[in-house]
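Please work from the sequences and hints to get the whole structure.
2 protein chains.
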Amino acid sequence: MKPEYTLPAGADFHVHLRDGAMSEAVVPTIRPGGIDTVYVMPNLTPPVTTVAQALAYRDRLRAIDDSINYLMTLFLDESITPEVVREAKAAGIAGIKSYPKGTTTNSAGGVLSFESHAETLRAMEECDLVLNIHGEVPTGTRPDISVMNAESRFLPTLLDLHRQFPRLRIVLEHVTTADAVEAVRACGDTVRGTITAHHLSLVIDQAVGDVFCYCKPVAKSPEDRAALLNALVTSGGKFFLGTDSAPHDISAKKGKGSAAAGVFTQPFACQYILTALEEGIERGDIRDEQVTEEVLSGFLGEWGRDFYRVEQSTKKIVLRKTDEVIPESLKAAGVEVVYYRAGKKTWSLEWL
Amino acid sequence: MKPEYTLPAGADFHVHLRDGAMSEAVVPTIRPGGIDTVYVMPNLTPPVTTVAQALAYRDRLRAIDDSINYLMTLFLDESITPEVVREAKAAGIAGIKSYPKGTTTNSAGGVLSFESHAETLRAMEECDLVLNIHGEVPTGTRPDISVMNAESRFLPTLLDLHRQFPRLRIVLEHVTTADAVEAVRACGDTVRGTITAHHLSLVIDQAVGDVFCYCKPVAKSPEDRAALLNALVTSGGKFFLGTDSAPHDISAKKGKGSAAAGVFTQPFACQYILTALEEGIERGDIRDEQVTEEVLSGFLGEWGRDFYRVEQSTKKIVLRKTDEVIPESLKAAGVEVVYYRAGKKTWSLEWL
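Here the protein sequences line up with chains A and B, keeping their order. Oh and the first sequence: position 258 is 258 in the UniProt record's numbering, straight run, nothing missing. Oh and the second sequence: position 5 is 5 in the UniProt record's numbering, straight run, nothing missing.
It cannot be assumed that every hint is accurate.
Quick list of in silico lysine-lysine cross-link-like pairs, DSSO-like style, CA-CA up to 27 angstroms [claimed, not checked]:
no. : chain 1 : residue 1 : chain 2 : residue 2
1   : B       : Lys-256   : A       : Lys-331
2   : A       : Lys-254   : B       : Lys-254
3   : A       : Lys-256   : A       : Lys-331
4   : B       : Lys-344   : A       : Lys-256
Note that these hints are calculated values from the structure, not bench results.
Printed below as a string of structure tokens:
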């Protein structure tokens, strides 16, 4: 890898910007991570299930930073009828996100089975609205499911959906396993996968014991991590960046009870990717010559923009290898959010 | 299961009693857990590597509660020569514990390979001193090892050791996988396994996100948990109780940085086992009629005492099903240790 890269601005196709104080803290960190376009998750409380809610949410985000292109989504539940789908398409909503019931933050109203949503999916296919999938079998629904196999066991459902709706554009979000990489590759061109920064660098060993490395889906084995790094460098557009940056106040991580799931990566989105690639080369998971500028530009923004039919960015970012370290936490708007890889080295990032 | 059991006093063949303030807090909780005999781990700082240290440690424990039978161990490192083994046997030391280097609390001086300890193991076999094994391949030594497969990948080493030293009594501590149960069963009568209370009830899903369920080895899959419950009820003496109760102050769990590994189960040792069996029956992992008084008496004490050649206890405990809940934490001697399953129902325990 080179010590410096000048690349098109990044696009992050899976972000949690929250609302209220947390969004005031987090939205201003999008640009420092090298990102000008974000695909905004709808799992607020209550979830974003109407076009009006989505547009009002976008207004609130724009009021914080109007230099970002916010691509909005709806939360798939029973209220998302074919009419809502057509209304969403007309209003410029980019996609609809499906969460398995109870699997992650604010997903209690999520999907137990896609069968009851068949009409909605048909309408999405007709309107060409993207379906985003959190691809895990909800734990607790089957006795053989644990966090380690919940994604792999979901993949037959992905393949079924794709067979049933071959023109429906589907993104399997935050893939964490070699199995998921293989399943996405086995599907046609309408199916893609996003990969987070943290799953490119973590394994389950860090996710247990360090609550700031704990998220859903959990990080898996070293072999799975190597498969993700390989998916990135051989992606050809099949896989692109979606950080799933998921801020939680430190009190929800270190306070009483279980820790909230989520890793906070927004402020160093592009930087983390370069570090993960460097470490992957060091471990021998990927080869240095595979990390080309084409791969970096593609994964960090171009491939996702292509898939979502968003104009390519004319803005540029410069990433430089430095000895700077990531500070402990973001303290703003009355919240404190601990950074992923706090205290470790990062790249610097500058907008041209 | 019955609502009440009168059983011989339990024996816990794997406990961490620590030293100083922590031992003052924890040692008085041995009896409330229904236990009168404990097998004391040597991973203090510095580790217990001499007979004199072990006897002095036992004196400190007796000064806190002299009604408990403390079985003492040494920490296997280069200083444990055949001479030390013979001296240990003569002094009534019960066994020698081997930790893989760097795998858990205070194990930095541990074993990387048993080959360099062959003379010591030969002397242990001759003296009939028990070898206790933390059976995980140290993560970081091989790129394919993660916390999820570290135990399974260690098992060939166990089988090799048993082949090389067939008369050496070996205990594979805190087995967590179906693989480990199978490996112990595949060995001759000199090899046994201990099972903790928490691995009979946890799976990896709770170990990530809840630091009070985080320990080494980590809890594994639902199938692995079912295998442990089955090992218990079909043990016939092959598996017996070793709680691996591992107290850490709340500051080491919820404070800055990664959480210390360890689940604190001492004060409810026998009670947790009954709850784990009840839940295992509810899930269908085991059948109600398998949980006989013979199995309970055996697992909770008799089988371990037999193996370690400790006299059977004449004391009795009574366990009763109640609606009492486990309190939040033990606060004593200036430390605070959060209980496993705080806030959940437990059985009551009384000494006759």
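* To do: Mind checking the alpha carbons of Lys-256 of chain B and Lys-331 of chain A for me, to see if they're no more than 27 angstroms apart?
  => OK: Lys-256 of chain B and Lys-331 of chain A at ~16 angstroms, within 27 angstroms.
* Asked: Quick one, are Lys-254 of chain A and Lys-254 of chain B close enough, alpha carbons at most 27 angstroms?
  -> 5 angstroms, holds
* Lys-256 of chain A paired with Lys-331 of chain A [C-alpha distance capped at 27 angstroms] -> 20 angstroms, holds
* 27 angstroms limit on alpha-carbon distance, applied to hinted pair Lys-344 of chain B and Lys-256 of chain A -> Given pair Lys-344 of chain B, Lys-256 of chain A holds - Cα atoms ~15 angstroms apart, limit 27 angstroms.
Hint violations for this structure: none, all hints satisfied.
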